[in-house]
Each structure stands twice: as C-alpha cells, then as structure tokens.
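Asks: Taken in sequence, the protein lines are chains W and D.
Under my numbering, read the first sequence as residues 28 to 505, first letter to last.
Under my numbering, read the second sequence as residues 194 to 469, first letter to last.
With a Cα cut of at most 30 Å, we get these calculated DSS-like pairs of lysine-lysine:
#1 D:Lys-387 x D:Lys-458
#2 W:Lys-389 x D:Lys-394
#3 D:Lys-454 x W:Lys-321
#4 W:Lys-306 x D:Lys-427
#5 W:Lys-463 x D:Lys-220
#6 D:Lys-357 x D:Lys-394
#7 D:Lys-454 x W:Lys-306
#8 D:Lys-387 x W:Lys-389
#9 D:Lys-395 x W:Lys-389
#10 D:Lys-425 x D:Lys-222
#11 W:Lys-466 x D:Lys-220
#12 W:Lys-45 x W:Lys-230
#13 D:Lys-427 x W:Lys-389
#14 D:Lys-196 x W:Lys-230
#15 D:Lys-329 x D:Lys-264
#16 W:Lys-231 x D:Lys-196
#17 D:Lys-458 x W:Lys-230
#18 D:Lys-264 x W:Lys-230
#19 W:Lys-321 x D:Lys-427
#20 W:Lys-389 x D:Lys-264
#21 W:Lys-231 x W:Lys-45
#22 D:Lys-357 x D:Lys-329
So, partial list: chain W residues that the calculated Cβ filter (under 10 Å) puts toward chain D:
#23 Leu-212
#24 Lys-255
#25 Val-291
#26 Ala-307
Hint data in this document are derived by calculation from the structure and do not stem from the laboratory.
Keep in mind that this is a model prediction, so the values were computed, not measured.
For each residue, glycine too, the CB sits at the ideal point set by N, CA and C.
So the chains spell out like this:
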Amino acid sequence: MEKKELTNKERLAIPPQKMPEQDPAKRIRNVNEVPLGFTEEQAVAEANRCLQCKNAPCVKGCPVAINIPAFIKLICEKRYRESINVIKETSILPAVCGRVCPQEEQCQAPCTVGKSLKSVDLAVQIGKLERFAADWEMAQPASESPAIKPHTGKRIAVIGSGPAGVTVAADCRRDGHEVTVFEALHKAGGVLVYGIPEFRLPKKIVGREVDNLIRMGVEVRTNMVIGKIATLDELMEEGYDAVFVGTGAGLPQFLNIPGENLNVVYSANEYLTRANLMKAYSFPVTDTPIARAKNIAVFGGGNVAMDSARTALRLGADNVYLIYRRSRVEMPARKEEVHHAEEEGVHLMLLQNPVRITGNDKGWVTGVECIRMELCEPDESGRCRPEPIRGSEFTIPVDACIVAVGNASNPLIPQTTPDLETNRHGNILADPNTLKTSKRGVFAGGDIVLGAATVILAMGQGRKAAKAINDYLATGAW
Amino acid sequence: MNKIQEKEFLSPQVFRIRVESPAIARKRKAGQFIILRTCDDGERIPLTIADADPHHGWIELVVQIVGKTTKALSELAVGDMVCDLAGPLGRPTHIELFGTVVTVGGGIGIAPAHPIAQAMKAAGNTVISILGGRSKELIIMEKKMRAASDEVIITTDDGSYGMKGFVTDAVQKLIDEGKRIDQTIAIGPPIMMKQVSLLTKKYNIPTLVSLNTIMVDGTGMCGGCRVTVGDKTKFVCVDGPEFDGHLVNFDEMMMRLAMYKDREKESIDHACKIRA
Chain W
28 MEKKELTNKE RLAIPPQKMP EQDPAKRIRN VNEVPLGFTE EQAVAEANRC
78 LQCKNAPCVK GCPVAINIPA FIKLICEKRY RESINVIKET SILPAVCGRV
128 CPQEEQCQAP CTVGKSLKSV DLAVQIGKLE RFAADWEMAQ PASESPAIKP
178 HTGKRIAVIG SGPAGVTVAA DCRRDGHEVT VFEALHKAGG VLVYGIPEFR
228 LPKKIVGREV DNLIRMGVEV RTNMVIGKIA TLDELMEEGY DAVFVGTGAG
278 LPQFLNIPGE NLNVVYSANE YLTRANLMKA YSFPVTDTPI ARAKNIAVFG
328 GGNVAMDSAR TALRLGADNV YLIYRRSRVE MPARKEEVHH AEEEGVHLML
378 LQNPVRITGN DKGWVTGVEC IRMELCEPDE SGRCRPEPIR GSEFTIPVDA
428 CIVAVGNASN PLIPQTTPDL ETNRHGNILA DPNTLKTSKR GVFAGGDIVL
478 GAATVILAMG QGRKAAKAIN DYLATGAW
Chain D
194 MNKIQEKEFL SPQVFRIRVE SPAIARKRKA GQFIILRTCD DGERIPLTIA
244 DADPHHGWIE LVVQIVGKTT KALSELAVGD MVCDLAGPLG RPTHIELFGT
294 VVTVGGGIGI APAHPIAQAM KAAGNTVISI LGGRSKELII MEKKMRAASD
344 EVIITTDDGS YGMKGFVTDA VQKLIDEGKR IDQTIAIGPP IMMKQVSLLT
394 KKYNIPTLVS LNTIMVDGTG MCGGCRVTVG DKTKFVCVDG PEFDGHLVNF
444 DEMMMRLAMY KDREKESIDH ACKIRA
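Construct the complete structure from the given sequences, taking the supplied hints into account.
Replies: Structure representation (structure tokens):
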C-alpha cells in the first residue's frame with residue numbers, strides 16, 4: 028500500500044528522537060564513545076520531522092553546503108546508500124562532522140522546525156542524521172569512492188592532514204590532479220587524531236575516512252615536517268604546481284603565571300596528544316606515559332578544556348575542576364559538551380581565574396591559587412571583560428594542571444617562507460574567497476588563517492580553496 | 194626508507210645505528226635531531242643526528258640504552274625498519290669563525306658534539322674537544338673526534354683512561370694554562386652542562402648547551418619540552434635545542450626530567466613480564 032505523505036503538522040508533532048548514550052557512571056571509566064548513535068527506527072522518525080523546505084535555510088547554515096533536505100528525504104525512504112552519497116558530494120568527513128560540528132550554531136540554527144517550535148534545541152537533528160548515514164556506510168562491506176576526472180598531469184602539495192587539508196585533497200583529486208598530503212606526525216588527521224578524544228570521535232572512524240582519501244588515489248606522507256624537511260619553495264621546485272597550507276593552530280598558549288613550569292602542568296595539546304594520539308590511556312601496554320593525577324585543575328572554557336577535563340576523569344581523576352574566568356553564557360564550548368562534562372562530575376568553577384600554581388620542593392604541583400572575577404560592562408567589542416575581585420584569593424589543592432586557554436598558529440612554515448604574509452598573530456593572510464596567499468601558487472586555509480576555529484569551518488575553507496586551486500590550475504591565472 | 198644499514202655497540206650500553214633516510218641526510222645540519230618510534234604502540238623519542246651522508250642517504254644515531262624504547266631500538270637488527278622517523282628538527286648550531294672553540298661531550302653527549310666539532314673546524318676554528326665519561330668504556334667515538342678536532346682531552350671519573358676527573362677539570366686546566374677560549378659548547382647530562390656553564394660564566398666564556406628535555410611531537414605543538422631561559426619560557430624542540438648555558442635554569446629542567454621516573458620503571462617492568 029502506498030504510504031501517505033505526512034502533513035507539516037504531523038511532522039512537527041513527531042518528538043525529537045533522543046540518541047541513546049552510555050551511562051555517565053560507567054562511561055567515565057572507559058574511552059568508548061558516549062552517544063551511541065540512532066537506531067534505524069529513530070533515524071527514520073527523526074528524518075520525518077524535516078519539512079523539506081523549498082528554500083532550505085539549513086543548507087545556508089552549513090559551511091560546505093551539504094544538500095541536507097535531499098539526504099534526509101533519502102533516510103525517510105530508507106535509501107541509505109544514496110543518502111550517504113549525497114552527503115559525500117560535498118563532505119569528505121561525514122562521520123566526523125556528524126559528531127563534532129556545532130550544529131546548533133550552523134545547519135540546525137536556521138531550521139524551520141526549530142523556529143516553529145521556538146527552540147533551536149527542537150530543530151531537526153541534522154548532525155545526528157548525518158552521523159547515522161555515515162555510520163551505516165561504515166558498517167557495509169564496501170564504500171563507494173567518488174568519481175575522479177581524467178588525469179591532468181598537475182601536482183598539488185597539501186601541507187597538513189587536518190580537516191582543511193583533507194577537504195582540499197579530496198576536492199582537488201576529484202578534478203583529476205595528483206595530490207600529495209604531507210603530515211608532520213606519524214598519523215594523518217590533525218586535530219581529529221591528536222586533539223579530539225576517542226570518546227567523542229573514535230580514531231577508527233578517522234582512520235576509515237582517511238583511508239577513503241587514499242582509495243581515491245591521494246598520496247599521504249606522514250613524518251614530513253614541512254618547513255624543516257623541505258620549504259614551500261623547495262616543494263615548488265620539485266614540481267608541485269600549487270601548494271595548500273593547512274597546518275592549523277597548534278602552538279599552545281600558556282598563562283605566564285608563576286609555577287607554570289612545575290611538574291605535571293600540561294598544555295591541553297600535550298595532555299590530549301599523549302592520551303589520544305599516543306594512547307597513553309592504555310599505558311603500559313602502550314609506551315607513552317601520562318600523569319594519573321587524582322585532583323586536576325583545567326584552565327579554560329572551550330571545547331579543548333572540556334575534552335581535557337573529561338579525559339582526566341577517564342584517566343582516573345577523582346576531582347576535576349574546570350576553572351573559567353567568565354560565566355557560563357560566555358563559555359565557548361558547545362552546550363552539549365558542557366552538559367556531558369557536568370553529567371560526568373566535572374566541577375565547573377565559573378568567574379574564577381588562576382593566578383599562581385604552587386609546588387613542593389621537589390618541583391611537583393600541590394595546588395592552584397585562584398581569584399574570583401566579576402564581569403564589567405560590555406566593551407566596544409561587545410564582550411564583558413572579567414575583572415578580579417581584590418582580596419578574594421583562595422587555593423585549591425591539586426596534583427596536576429592542564430592549560431587550555433587557546434592555541435596560536437604554528438610558525439614553522441611562515442618562518443621558512445619569507446614571502447608569505449602573516450598578520451600580527453602569525454596567521455597567514457589569505458583572500459577570504461579564494462584563499463590565495465601573497466605567494467603565487469600558494470593557498471592557505473583552516474586555523475592557520477582563521478586562528479583556532481572549528482572542524483567544519485576549516486573544511487569550508489578547504490572547499491573554497493580547492494575550487495580556487497582547480498580554477499588556477501585550469502587557467503594559470505593568479 | 195628507515196632501513197637499518199649498520200649497527201654497532203660502542204660500549205655495553207651504547208650503540209650506533211645507521212638508518213637509510215635520504216631526505217633527512219640531505220637536509221640536516223649540525224645540532225639537529227630526529228624523533229622516532231620503534232613500533233605502532235611505541236612512544237616518540239628524540240635523538241640527535243650524530244652523523245649523516247647526503248650522497249649515500251643515511252643518518253647515524255648514537256643511542257644509550259636507558260629504558261624500554263632505547264632497549265627496543267637496540268634489539269632491531271640490520272635490515273629491520275624503524276617504524277617512524279621525522280626530522281630534521283630543531284634549529285641548527287650557529288656555526289661561524291669564533292677562533293678557538295672548546296666542545297665538551299659527556300658520555301653519550303660525545304655523539305651530538307661530533308658534527309658540531311666537524312662543522313666548527315670546517316669553518317676555520319681551532320677545535321679542542323673534551324670527552325668525558327665515568328670510565329674508559331664510556332668514552333666513545335674517540336677516533337672520529339680526533340679527526341674532527343685539533344686537540345682532544347679525555348677525562349674519566351675513575352681515572353681508567355686519560356685524565357682523572359670531570360670534564361670541568363679539563364676546562365679549568367685549559368683556562369689555567371692561559372688558553373684563550375672564544376666559544377664553548379657543552380653536551381651531556383644536565384648536571385654536567387650546568388657545571389660547565391657555572392665554570393665558564395666565571396670567566397665570561399660564551400657557552401652553548403644542547404638540552405635534552407622530554408619531548409612528544411618535537412614540532413612545537415605541545416610545550417612538553419619547555420625550559421626557562423633568562424626569564425622566558427622556551428620550547429627546546431623549536432627554539433633550541435641549543436641555548437646560552439649561562440641563562441638556562443638547569444635545576445628546573447632536571448626537575449622536569451624526573452617527571453615520569455616511576456612510570457618509566459612501570460613500562461620496563463611491563464615489557465619484562467611480556468617477554469618472560
């Protein structure tokens with residue numbers, strides 16, 4: 028019997044599906060993924076909440092403009108293979124993006140369903156549906172590689188295998204160019220492998236999506252520190268016709284407070300790299316050690332701070348204090364991540380700021396002295412500047428600190444490429460539309476241009492850069 | 194790539210391996226290092242490039258067995274592959290014509306001192322090399338160092354070879370003899386570099402030290418290797434490894450080096466259990 032089309036009213040009446048999650052008490056003792064994914068029934072029910080708007084405001088909210096209504100409609104019809112293929116036309120990392128994009132600020136923010144129900148939290152859960160389609164494909168014996176145009180004979184070097192570089196590599200490869208990705212670490216994926224923890228993004232999934240790239244014919248070369256083993260000029264002399272720099276913002280910032288070089292004060296980058304890339308959570312089965320502190324202070328309020336705090340719990344901490352100088356509303360972390368962290372028992376210490384880390388005579392951390400803060404009137408940038416409240420200092424005992432107050436761009440490439448213009452923060456200057464830099468044939472995108480941003484914004488930049496690279500290689504016009 | 198071409202024990206705990214790596218061999222300069230992993234669950238460790246041949250495409254590493262990873266590396270045979278090898282990393286040594294340069298190599302530090310002595314000599318300097326060790330069998334690469342230097346002084350703590358005493362005694366002797374020293378470069382255990390720096394500071398002799406802190410990535414993205422130089426925090430992997438010995442906070446650095454002592458033992462014990 029032909030199934031009757033649902034009316035918009037009926038669609039709006041379908042409750043948002045709740046993705047099952049690992050129980051907080053259990054999950055803080057393992058590194059397995061927290062959200063378990065939609066069942067097929069849930070995915071179809073959630074997909075049926077989509078109104079298939081003609082103007083598709085959601086697509087405009089997606090930095091890589093995935094054809095969202097189309098892939099969702101195919102899920103309604105249980106045509107999963109076609110659904111994932113629609114996503115893959117524009118996104119090379121659907122299993123990753125479905126998990127880590129801040130959809131509430133992007134595709135789900137303008138969703139008509141959310142607007143009608145007067146809450147962005149009630150919008151169609153596009154990210155979770157994207158994840159469903161990607162996970163469905165990974166469970167199949169084979170995935171379909173996108174079509175590759177005939178060989179052009181042109182060569183492209185992509186520096187960095189993070190989200191920006193991977194997107195450029197895929198898009199340029201599709202156009203028929205020969206693409207080599209250079210990665211400094213021993214594993215490809217950038218922040219997806221060293222930064223975002225296993226429990227948010229299983230490394231197996233990143234590995235599968237990188238493998239798809241290799242299956243398309245992209246060469247991925249690890250252990251290649253560009254700037255050291257070869258400069259951009261040397262790559263171009265070697266015969267690369269275009270270079271894309273997607274080296275990210277991997278330079279950790281410290282607070283420059285006393286005691287920051289004591290033992291067991293980590294940058295979040297170091298802590299997460301040891302835990303994720305080096306799998307220190309399996310030490311001594313794996314060789315890289317990591318401190319197993321019982322009381323840990325994490326400084327910062329972004330996603331990296333949440334990831335560090337939640338990783339610390341999984342490494343056996345009893346108390347994790349997340350110390351943030353502004354209030355909850357200013358926290359840059361995703362609401363979902365803050366919620367998960369609190370659910371797992373992370374203590375949020377808002378409007379407080381570390382001023383000094385104390386240590387014993389052997390040089391180990393014993394505590395952190397903090398000061399309470401208050402928010403003043405918003406300044407010209409619209410941000411409330413936190414000011415310390417005099418005399419409100421207090422100390423909490425901790426045996427480890429993790430500094431997660433942001434990253435700056437890595438200077439290795441600009442340092443060795445004098446004709447590449449950067450701003451005063453060390454970010455490479457690139458045209459916002461074409462991602463062209465000051466150096467002919469060199470494009471740049473992602474965090475090395477934007478400063479520390481998000482996975483999908485990096486991919487969006489990669490998408491634009493790839494188009495510009497493909498145009499440049501076709502016409503030769505700069 | 195990364196194939197081990199030669200392996201030789203220089204002393205019971207110190208070995209030399211020659212690894213095929215044409216790209217690094219072509220690019221590296223004196224003072225630089227590599228990061229390697231021996232296997233897939235392995236850790237990343239930094240090792241200084243002791244020698245390289247751009248024509249034949251190899252680099253040489255001199256390694257002291259101190260823990261699980263260096264032991265694993267010592268057990269690889271000629272023909273085996275090193276799983277991951279990244280480099281060259283760090284800033285090269287600043288080489289120029291200073292006049293008389295004294296290179297001080299303590300124990301395993303003799304290996305990284307070698308390419309620097311070579312480069313300093315090639316730049317026209319008079320090179321005096323001091324090689325120090327606890328006892329005779331810990332003095333490595335004597336022949337190579339003689340070839341790279343105008344004069345070689347050997348010291349052993351127990352007097353079993355050369356002059357009895359520490360490398361600082363040899364430096365002091367040169368100073369006492371009225372030898373003009375324009376630049377000193379000290380590489381070895383942190384306590385040795387600290388003592389050399391304290392001594393040369395008294396006589397205002399410019400002194401470079403090559404720091405060997407804990408590292409993870411070696412590319413500047415984690416800060417695990419940070420040290421205080423003057424009043425600034427520096428990353429050894431990208432700002433160094435060489436710094437002005439008179440400005441380095443050695444006490445803080447030695448304290449930080451002890452950070453994983455217990456864990457290192459746990460790792461070795463674990464490896465022993467697996468093998469047993």
